[in-house]
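Q: Chain S is already provided as a structure; the job is to place chain C on it using the hints.
Chain residues, written in single-letter form:
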Amino acid sequence: MIWETVRLALRSVRRNALRSFLTLLGIVIGVAAVIAMLTIGSGTTQKVKSDIAKLGSNLLVVRSGRAGGPSANGNPVRPLNDRDVAALVKHLSGARAIAPASQKQVRVVFGTQNLVAGVTGTTTDYLAARDWKLASGRSFSDSETRSGTGVCLIGETVRQQFFGAGDPEGQMIRVNRTGCKVIGLLEPKGFTGFGQDQDNVVLMPLLAYQRRIAGNRDIESIYVAADETTPTTVLLPRVEGILRDTRRITPDQDDNFSIRDMTQIADAMASATTTMTGMLGAVAGVSLLVGGIGIMNIMLVSVTERTREIGIRLAIGAHEKHILIQFLVEATVLSLLGGIIGVLLGLSLAGIASLTLAIPFAPSPATILLAVGFSALIGMVFGFFPALRGARLDPIDALRHE
Amino acid sequence: MAPPLITFDKVRKTYGEGEARVNALAGVDLVIPAGEFVAIMGPSGSGKSTSMNIIGCLDTPSAGTYAFMGVDAGRLDRDRRAILRNLYIGFVFQGYNLLPRTTAAENVELPLIYRGVAAAERRELAMRALAEVGLTGREHHTPAELSGGQQQRVAIARAIVSRPTLLVADEPTGNLDTARSHEIMELLTRLNRELGLTIVMVTHEADIADYAQRTVHFLDGNVESMALNKEKAG
Chain S
1 MIWETVRLAL
11 RSVRRNALRS
21 FLTLLGIVIG
31 VAAVIAMLTI
41 GSGTTQKVKS
51 DIAKLGSNLL
61 VVRSGRAGGP
71 SANGNPVRPL
81 NDRDVAALVK
91 HLSGARAIAP
101 ASQKQVRVVF
111 GTQNLVAGVT
121 GTTTDYLAAR
131 DWKLASGRSF
141 SDSETRSGTG
151 VCLIGETVRQ
161 QFFGAGDPEG
171 QMIRVNRTGC
181 KVIGLLEPKG
191 FTGFGQDQDN
201 VVLMPLLAYQ
211 RRIAGNRDIE
221 SIYVAADETT
231 PTTVLLPRVE
241 GILRDTRRIT
251 PDQDDNFSIR
261 DMTQIADAMA
271 SATTTMTGML
281 GAVAGVSLLV
291 GGIGIMNIML
301 VSVTERTREI
311 GIRLAIGAHE
321 KHILIQFLVE
331 ATVLSLLGGI
341 IGVLLGLSLA
351 GIASLTLAIP
361 FAPSPATILL
371 AVGFSALIGM
381 VFGFFPALRG
391 ARLDPIDALR
401 HE
Chain C
403 MAPPLITFDK
413 VRKTYGEGEA
423 RVNALAGVDL
433 VIPAGEFVAI
443 MGPSGSGKST
453 SMNIIGCLDT
463 PSAGTYAFMG
473 VDAGRLDRDR
483 RAILRNLYIG
493 FVFQGYNLLP
503 RTTAAENVEL
513 PLIYRGVAAA
523 ERRELAMRAL
533 AEVGLTGREH
543 HTPAELSGGQ
553 QQRVAIARAI
563 VSRPTLLVAD
573 EPTGNLDTAR
583 SHEIMELLTR
593 LNRELGLTIV
603 MVTHEADIAD
613 YAQRTVHFLD
623 GNVESMALNK
633 EKAG
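Those protein sequences? They're chains S and C, same order as listed. So for the first sequence, the working numbering puts the first residue at 1; every next one is plus one. So for the second sequence, the working numbering puts the first residue at 403; every next one is plus one.
The following block holds chain C by itself, in its conformation from the complex:
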């Protein structure tokens, strides 16, 4: 049997020293199988952002093991984690984080540049990804010329252009109105279903979390509860 995509084994994360020492994660156990859409919720300071950074291989645990695709990602150096992110992980942020004054197509191409993909193929893949998020015809617009919802679609296209295994989304609807938020969530749900993309999403809105198959609640550096969303699961 293939190992689960994400395995947390007693993961701890501490910041600071001595008096100022903070336990962001206090020994978390968590398993996320490939293909699942998981929402992470919790108040600020509960450890949800820290776990998401570790899941996205941006950060490493202070103690315990984080296995990504069976690889002990917590022990890899910066550049190796960069390779892992480049090949298997896509990121979507609350603030879109597109490069300013750079066209949508160029933004989407960015991960492919660091993969060494040739220009023509890059352009082709970027066009495909933009089509998948419904932005055909906006390829040459810069972020300033796009609405918030469209910018987030560009960010999603950038995240999926290299066909990653995992999509990490940090409050992807945080800057959007309700209608736009639901459009983005429907897009993510469709990508999860059609591409078999595993999605880990941090949110603090319950109706957004409802799009996921499972919701994990964090509190004080621990997993407080997990709930399967009955309509979505299975």
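Isolated chain S, as found in the complex:
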């Protein structure tokens, strides 16, 4: 009986193909919008998370200067220096890697070619802190780090630009007019969420950078990576305590440095995108509701148009519930169809978006089921009133209807 009814409903949908399609459109657009929004949104969240993971997981970044501007109580900004790094190395427990780093955009030259790359002076620990591996070659040796030898590691973009298919190892490149021997190639990391090429980089020993490029002994930032058993929230106050000590900051003074917890930033950004996704999804959900009203409208038209048919059915023995179910099923089939088309459309849109925006394509089965289920529910809810109107018709009046 129910299968009969579904078949009947499908046939009636087909019979009025254009009208059915236009009615469906509301639901199709609503569901497509919801699916596209949520799929793109969750892709973005994944992207943000993985971007920040690329910076290194469980990472604290110390910079000179107070977070949010100069100190309020006249505590002058002092750059970080070797002593701060030494104090952290000596006293900090729970850290997997501690790496000082200074960075600058510098023109790099090889033969007749040149490009502007982010040149970073640092130590081998920098790779550990940022979970960065070498694709080939080796990192700086201790003696190279200590003496500031002109050796460097290059990123994938630099390699492609200068060496194409050739082997970069052992080649001399010029960084800011001083020679630098390539000893290793970094694994590609891709772009950050802000469109920055993380592979357009050259790493060299900190001392070499300070002497040849910066011309001073300042350290811009210190990367501190927590070990597996220490949460960054525990590590952060320890780092702060050690640095306040070594920088002789009295208890009444604010920090003249700032510590950023990359894990927290990642969580905050991920939750921000999730909230955004939810809101966009809700807005799209409203259009689903509008689609439901379209269904109600067309079902009312359908009931009026088919008053005679209802009369015939009632006369030959249909019960109220048969008519009710017939129109309910029709509305549900209609909106379910719209839901399925909408899911396909939404997924295609999300697919296109993930290709053009370079974010992961992250369809969620739960979301799809929910959207399809919700569209069926909309059909039932908005189809109920018209169906009831049809079922309550008096057979004599309905038969007389022209």
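No wet-lab data here; the hints were simulated from the structure. Mixed in with the good hints, there may be bad ones.
Computed footprint of chain S on chain C; a stretch qualifies when at least three of its residues, placed anywhere within it, have a C-beta under 8 angstroms from a C-beta of chain S [unchecked claim]:
# : stretch
1 : 452–462
2 : 489–496
3 : 512–520
4 : 592–606
A few chain C residues that don't get close to chain S, going by computed Cβ distances all over 12 angstroms [what the hints assert, rightly or not]:
#  : residue
5  : P405
6  : T416
7  : T467
8  : R524
9  : T538
10 : G576
11 : R582
12 : L589
13 : M628
Computed from a prediction, not measured in an experiment: that's the story for all the values here. Cβ coordinates follow ideal geometry from the N, Cα and C atoms, glycine included.
A: For chain C alone, coordinates are given in the frame of chain S:
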């Protein structure tokens, strides 16, 4: 002795309230035994359509009793009357009232669907009914592809497919030319004779009413006269 199929006992039907109150039936007594072919005639507003709706269990009396097969059908609710119609009553209308864009066979199957008959058996019964009205070979035509006479035959097949006790026909020849009308009347007469089907037919054409065994004339909500058609009766 079995009760008569149809018994009207002082049946009244009023529509509207107060000033606009209309007495469609003003206390009608009428008995129709099973197997009879009765024609109902009368000018418009005489109450013939109202009585036919009550006989067909589509409507209920305002006062008085309507007994169908000994059951007080006037006191049954909508769904119970629907069951009664589905099991015992077939309808034929002036305008055929077939479902558009639906094949003859599917139209004929319709009452069986509400009876819960399985698809294969439904198809078989529909074919038999269509054969009985002489429409074998037209099973898969839609109403638009059939002539008026053929459409009315499909409607008759739909009415008899569930082997009802009573056939209610409302001006069954009203939309047909004379030749087609007489063919339909011959079909109804044959069904009355061969299946023992009781037929109550409303018409305003005397030569159509002549096919019935008895003619009941309505006037102003009352039975004005009854006449046995001598050739047909007995």
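Q: Against the structure shown, which of the earlier numbered hints fail to hold, in ascending order?
A: 4, 8
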